[in-house]
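2 protein chains.
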Amino acid sequence: MAANLVTTNHLPLLSTSTTKTILQPRSRLHATTETPIQQRRRPSFMINIPNIISNLLHMGTAGNPFQENHFIQDSYNRTTPAASPKENISSLQDELHGKSNWSNLLNPVLHPWLRRELIKYGDFAQATYDGFDYNPLSEYHGSALYNKNRLFEKLGLTSSGYNITKYIYAMSNIELPRWIEHSLHANTWSKDSNWMGFVAVSDDTESRRIGCRDIVVAWRGTVATTEWFENAHLKLESIKDVDEEDQGDAKVEHGFLSIYKSKSVTTRYNKSSASEQVITEIQRLVAHYRSKGEQVRLTVTGHSLGGALALLNAHEAASTIADLPVSVITFAGPRVGNDAFGDQLRNLNVKVLRVVVKQDVVPKLPGVLLNERLEKLEGIIGELQWVYEHVGMELRLDVKSSPYLKHHGFDLAGFHGLETYLHLVDGYVSEEDEYRRNARRDVALVNKYGGMLLEELRVPESWYQLENKGMVRNAYGRWVMPDREPEDIPSPFRDCRPLAIHESL
Amino acid sequence: MAANLVTTNHLPLLSTSTTKTILQPRSRLHATTETPIQQRRRPSFMINIPNIISNLLHMGTAGNPFQENHFIQDSYNRTTPAASPKENISSLQDELHGKSNWSNLLNPVLHPWLRRELIKYGDFAQATYDGFDYNPLSEYHGSALYNKNRLFEKLGLTSSGYNITKYIYAMSNIELPRWIEHSLHANTWSKDSNWMGFVAVSDDTESRRIGCRDIVVAWRGTVATTEWFENAHLKLESIKDVDEEDQGDAKVEHGFLSIYKSKSVTTRYNKSSASEQVITEIQRLVAHYRSKGEQVRLTVTGHSLGGALALLNAHEAASTIADLPVSVITFAGPRVGNDAFGDQLRNLNVKVLRVVVKQDVVPKLPGVLLNERLEKLEGIIGELQWVYEHVGMELRLDVKSSPYLKHHGFDLAGFHGLETYLHLVDGYVSEEDEYRRNARRDVALVNKYGGMLLEELRVPESWYQLENKGMVRNAYGRWVMPDREPEDIPSPFRDCRPLAIHESL
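Those sequence lines, one after another, are chains D and H.
Sequential numbering from 1 applies to the first sequence in full-length UniProt numbering.
Sequential numbering from 1 applies to the second sequence in full-length UniProt numbering.
Next up, chain D with everything else stripped away, as it sits in the complex (with noise of 0.2 Å):
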């Protein structure tokens, strides 16, 4: 089953229905001449050792890939617009946030309104990559680019019908691989802390259109993608001091929580933790719109560590703001805790959508070793309350059946890539069939981040990147890098500073 409500899954996952290999038609692909299209790339012209091995490689293959008349997908234009137009979907507002665990709109084919949601989810989960100074000679290493008033408007997200309203930042206090960033720089904004993600809620416009006021949370991943979960010291958590009473066995993955909740005196940004700032900012927003008599419901979306973190977030709302409908759309994130967390989160009705492609690994972890082993264990499986499961409803794609994709090889990265994930939904209409002819996402955003695209496509890798790093050349002929813009440089006050409930938006 492509649209599989997973419940307390001991079984091991990779033998249960949900693995099986799904081997979709390829899209019959045409013979299309196409005007061919300008790229210009300045490589380093020195020695470079993986461009002497690509092109090495290059000359290794037969023939030129050019040099036949290769398919080009009819469907692949540059002249219609890439997102559709927005339609009034309030009459199915319960069903589209996971009332019916999505089942009816997931099955027989994917509904239209759904998967333009799961992609406006998806894009701002893209945008705290996007948005992230990934400079490690930047002072603001590890922060977002662009204040949170302009953050969407720089992404080119200003029609998704949201605002900002804070930043959320996060610290670790146990030791994990590769997931902080740390400047170089002596005078770096925050030795301890990145930014991790935003709250945003609807405006009048998008609320009328969807039904409510839509709070979303998103949760940003981290550089790092198999090896964060490999290298991690998985240890299962007990999850109770997010809520004192109840919380039974309910467990989770040490890493995950410590970043959700670590909070120092001694830093910046993380005098409260991003547990705590996220729930602050949503309990305003919450008691600000419903002093208002509206109705409030919170969405919370992330990739990768950025869907665990999700989770965790979507399980401490839901337990401690009263009467809010919460549902979660993850992608590509790996398991969480055990199933008394599931149970939990079950119990407190939080609807959990995952998206999941087939080919990547992450969501397997970090539950694949220990599910494995336990394969050869069925009969303790009942003892074993450490196991990490998966919760909710699973849509699940297949790398296979984009006709604009690789299929030879394996590309750990491409196969995780959140832009990867946005395509393959663009396209979903069910298990059984062909890539939507009429899917409208710009196919070319796959390769923002890496090389996934056919090549025939012509869309170069990684193409996502600055003019000259950000260098400019300044009045006296010198190439330099400006400062940033004050009104972008972070700060605690304003981007994370509890605030009062009476204060307005």
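Just so you know, the hints here were simulated from the structure itself, not pulled from any lab data.
One or more of the hints may lead you astray.
[As the list claims (entries may be wrong)] Below, a list of computed lysine to aspartate or glutamate pairs in the EDC-like style, where the Cα atoms sit at most 20 Å apart: (1) H:Lys191 / D:Asp433; (2) D:Lys400 / D:Asp433; (3) H:Lys148 / H:Glu467; (4) D:Lys154 / H:Asp130; (5) D:Lys148 / D:Asp323; (6) D:Lys191 / H:Asp130; (7) H:Lys406 / H:Glu456; (8) H:Lys148 / H:Asp130; (9) D:Lys191 / H:Glu467; (10) H:Lys292 / H:Glu181; (11) D:Lys154 / D:Glu467; (12) D:Lys406 / D:Glu461; (13) H:Lys358 / H:Asp433; (14) H:Lys154 / D:Glu467; (15) H:Lys271 / H:Glu181.
Given the coordinates of chain D, assemble chain H onto it according to the supplied hints.
Relative to chain D, chain H alone:
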């Protein structure tokens, strides 16, 4: 000696005084605080082996390099003009072009006029790299990015005082490792030829300043560095077809000669060879300006392989065009021919100034192995006419002389890069003196294609890149590669058609 006239050097070059280790005293470095500058970079956030290795290396360094209040040389400023004012240098015209083999301009200290002229010609050689289309997905891969009338403008060389009159294209009739760049595109502009450089001529103002009408030919090197020379089938070939009479035993490296002389009627851009294209254009320009009673000279320049082609070009021009003063400025040029070739250049009164970085291995090629063997065979040196030799004057630079550059490690590409050369020329005074405090050339340029600059300077590595690799978002919200401007599309008619002498400039 840093400036050393190498005549007929049959001796193993590595054992001569020209190659003895020069240990420059390191410039005093001052601990200064500097306003942190903001830098941005968006690397792939996916798995990226080189990044991971680099991160691991960073993690392995003891402490954080920017935590200490590190020295930044106080002369590294961002607010003085990056170029010196232009002075009238016509009084030294002949000396600047090597009349006395530059001896009085190189010693006891490098004359500032010569320094600026070397950088001027080096900038022309650099333009053949900066203006090259490196993108194998482009149908124009291997051509110049812009047409000859606006290349300088696009590369920020408008104030050079020269105008390009012709583009030069080259092919090769023999297999050369990693020499030619082949487009992967079916409708490529050329399957056989690469843009190989240009002919330019000084304008009236510049001609008055320097005292003559200066025709410049700038030759491009290759993307490869040492591997080219290591893998090339090193074989000396008689140069006699260049000029049938009186070439004696002059022989040059087979591969260089093939690039310079190859042509084929089946090609679009090399129906005439690079040699024919460039000589025809020089003849045209010489005739044109001589008919106006002007004094004309030829200066040929190039880096790496381009330096080798510059020597062949100078040899042919001096053999072909009566009474034309010819000088050559090469950067990182390899050895080109045997001693008889060197004798001929001297007999033709071709003046050669070779700028060489002692850490760079390319100028030691291809003769280095042969010469090392000869060390044990001194007795028979006189009989070995096939030994490659360097010709002309040498200006010897040392990476260790610059306080801006990394002195640890072995950066093969960094040592060889033309921007490293130009940076070292700019700071050079003499073998004994420190790097000039008042050097003005923009230090940031060193890292355009590499990472030779100290991290403290916070200039990103290989920062010279297009925004989004040239992708732009079109009116439909889609990311596309725009077509090349029609005026920048290569044209055999416009770029390399042999022109009649009477044609106007």
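Hint by hint, here is what the structure shows:
1. As the CA atoms of H:Lys191 and D:Asp433 are separated by approximately 42 Å, the hinted pair breaks the 20 Å bound.
2. For the hint linking D:Lys400 to D:Asp433, the alpha-carbon distance of about 12 Å falls within 20 Å, and the restraint holds.
3. The suggested pairing of H:Lys148 with H:Glu467 is violated, with an alpha-carbon distance near 23 Å, which exceeds 20 Å.
4. Taking the CA atoms of D:Lys154 and H:Asp130, the gap is about 29 Å. The hint is violated against a cut of 20 Å.
5. Taking the CA atoms of D:Lys148 and D:Asp323, the gap is near 28 Å; set against the 20 Å cutoff, the hint is violated.
6. For a cut-off of 20 Å, the pair hint linking D:Lys191 to H:Asp130 is broken: about 38 Å separates their Cα positions.
7. Taken as a hint, the H:Lys406 and H:Glu456 pair is honoured in the structure, with Cα atoms around 10 Å apart against an allowance of 20 Å.
8. The hinted pair formed by H:Lys148 and H:Asp130 meets the criterion: a straight-line CA distance of about 13 Å does not exceed 20 Å.
9. Under the criterion of a C-alpha separation no larger than 20 Å, the hint pairing D:Lys191 with H:Glu467 is inconsistent with the structure, at around 30 Å.
10. The suggested pairing of H:Lys292 with H:Glu181 is violated, with an alpha-carbon distance near 41 Å, which exceeds 20 Å.
11. Our distance criterion of 20 Å between C-alpha atoms is met by D:Lys154 and D:Glu467, whose separation comes to about 15 Å.
12. Distance restraint check for D:Lys406 and D:Glu461: the Cα-Cα separation of roughly 13 Å lies within the 20 Å cut-off, and the hinted pair is therefore satisfied.
13. With a CA separation close to 16 Å, the supplied pair H:Lys358 and H:Asp433 stays within the 20 Å bound.
14. With a C-alpha separation of about 15 Å, the suggested pair H:Lys154 and D:Glu467 falls inside the 20 Å cut-off, and the hint holds.
15. Our distance criterion of 20 Å between C-alpha atoms is met by H:Lys271 and H:Glu181, whose separation comes to about 18 Å.
Checked against the numbered hints above, the structure violates hints 1, 3, 4, 5, 6, 9 and 10; every other hint is satisfied.
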